[in-house]
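As given, the protein sequences belong to chains A and B, one line each in that order.
All residue numbers in the first sequence are consecutive under UniProt numbering, ending with 327.
All residue numbers in the second sequence are consecutive under UniProt numbering, ending with 284.
Hints should not be assumed to be uniformly reliable.
Stated by the list, open to error - BS3-like mimics (lysine-lysine), calculated; alpha carbons at most 25 Å apart, straight line:
| hint | chain 1 | residue 1 | chain 2 | residue 2 |
| --- | --- | --- | --- | --- |
| 1 | A | Lys321 | A | Lys150 |
| 2 | B | Lys135 | B | Lys149 |
| 3 | B | Lys149 | A | Lys321 |
| 4 | A | Lys172 | A | Lys215 |
| 5 | A | Lys321 | B | Lys135 |
| 6 | B | Lys238 | B | Lys227 |
Because the hints were derived from the structure by calculation, they are not lab data.
Keep in mind the model is a prediction, meaning the values are calculated, not measured.
What follows is each chain in one-letter form.
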Amino acid sequence: MNFGMEYPWVLAGLLLCLLPIFRLGAVANPYPWLAILPPDPFSLAIDALIRLCGVLAISGLTLGLAGAYLQEQQVERIGHGAHIVMLLDRSNSMDNTFAGKAPHAQGEESKASAARRLLNQFVDHRQHDLIGIAEYSTSPLFVLPLTENKAAIHAAIDATALPALAYTNVSKGLSMALEFFDSRPVTGSRIVLLVSDGAAVIDPDSEAALRELFKQRQVSLYWVFLRTANSPGLFEIPDDPRDDNAQAMPERYLHLFFNSLHIPYKAYEAETPGALQQSVDDINRLENRPLHYFERIPKQDLSTRCYAFAAVMLLLLLGVKLCEARP
Amino acid sequence: MSAHLQPFQYRLPRPVVGVFPGAHPGQMVGNGQLFKRYDTLIARPDPRRIDLRASLLDPFGNYQVRVKQQHSAVDVFVLADLSASMGFVGNHDKRRVLADMLLSIAASALEYGDSFGFIACNEGALTDCYLPAGKHMGRIQALAERLQKLVLRPGSAGLLQAQRYLPNHRALVFLVSDFHFPLAQLKAVLQRLNRHDVIPLVLWDQAEYSRLPDWGLFQVQDMETGKRRTLWLRPGLKRKMEQAFALRRSQLQHHFRAFGCEPLFIENGYRAAQLTQYFLRRAG
């Protein structure tokens, strides 16, 4: 419980709380000698209560004027979920349909927009996840750190509606995605969700670096491969052994590389929007480990409550004033 | 003079000591009606009062003169407590009551041919309100007027110094106060006044205790000290207050009687008949 004030100097008004201690707002009837009056604990108690009401009313008003608020706080919670980094491909080909052409006709959907729609649904299903977004094209793009702010995540996903960029550089994208988990406690699952429609060759240096990073970060990898029609698949073994190299079939070799990492890894070949849906549902179902996370409670304005409290106290005092007897 | 300012009759329980002839039985011998004793003509050279029968019966053959008791005048003083609490206005204005009392006592004293003086005290004696014993009604009336306008200040210690302003011989002193000060101080005051014949007039007002509202919040402020106190009035508390005043009344009576004087409680404004009854009861 951390209190804060919008205008802390207004708190000087709390000195006014001394007023009811010194003076009661009642008419002072002159009396010749107080010492003769019998002691009356009940009257003393009433007197103290009235003064207390006065002090509380003035302090309530002052706190209201000072704009008291509760600072943003974090509540520790245990839920089910994961830390998910979505690594989205922003290469040109993502703007094409699954048929491999630019969407023109009504009802045709580009791979990017299908991914966008399904990822938005996915985000809505995952209540307690921390989701970060990175994109890659020729260079990796840092979009959104791991956050629980759903509105920000949706906005970041929707931002992929902009026309895509240039080529595909998956190794830099992966290392950026893995950096998201730096200095994060290992709790729940850690997932990198790679959404791409193609792959590129990873040079041996990057390969070694990625191997190390994956080991250190204890990340599971899901690769949703949006396969364009007639393009080589992940599991396809070429008929001609001469074509079986990283340059000719980067997807297959990337898949082999991921398999060789000895981490939880699953690849989905999505050839239609329905298949993409299937893969997202799969992740949704599988990755639900207990998650230790902090829920943020936003700053709460207390001035309204202060005013309401002061109003109650003032009403009480008004009632007391109406109870005042006239000689 | 209005009806309640009428003079009353007072008499003294003991013979007065005074040289000047007056209306009260005194200790002086001289011209009077009441036979006191025989004395020799040498001692009392007043041949008009030679008692032949007593002279014949005197074995030494001296002329015996009848000596009569002379009625003497007495000085009447009003010693008033003019502390702030005397400014209380309840059913009656205490200052108004005091002024009425002053005029009535002065009228009675002048009617008897006695001198009248006035001493007022608060923290000290108020010299500007001091009136030495005299017989000038105009000055007394002017003083009564001034009392109405006087700013009252707190304190009642001046009562202890009042005896300096009183004559050395016994005088009739009306001690007017609300006696709202500690009983120890009352004792000291009475000890200093014990030479005189003191009539304590306790000026109270029923509004102080019985005319308060039955229910409600009521804040009272001490007129002397300015302290405030909040009371939640209810019949139970009012009963307690009345009991407190009844207790105070009996304590005051007890203390005054210990010094040989009976207090007169004046709670409903001044009436001369009340004082007349007081003196009748005292003589009886």
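field: Which numbered hints fail
entry: 1, 3, 5
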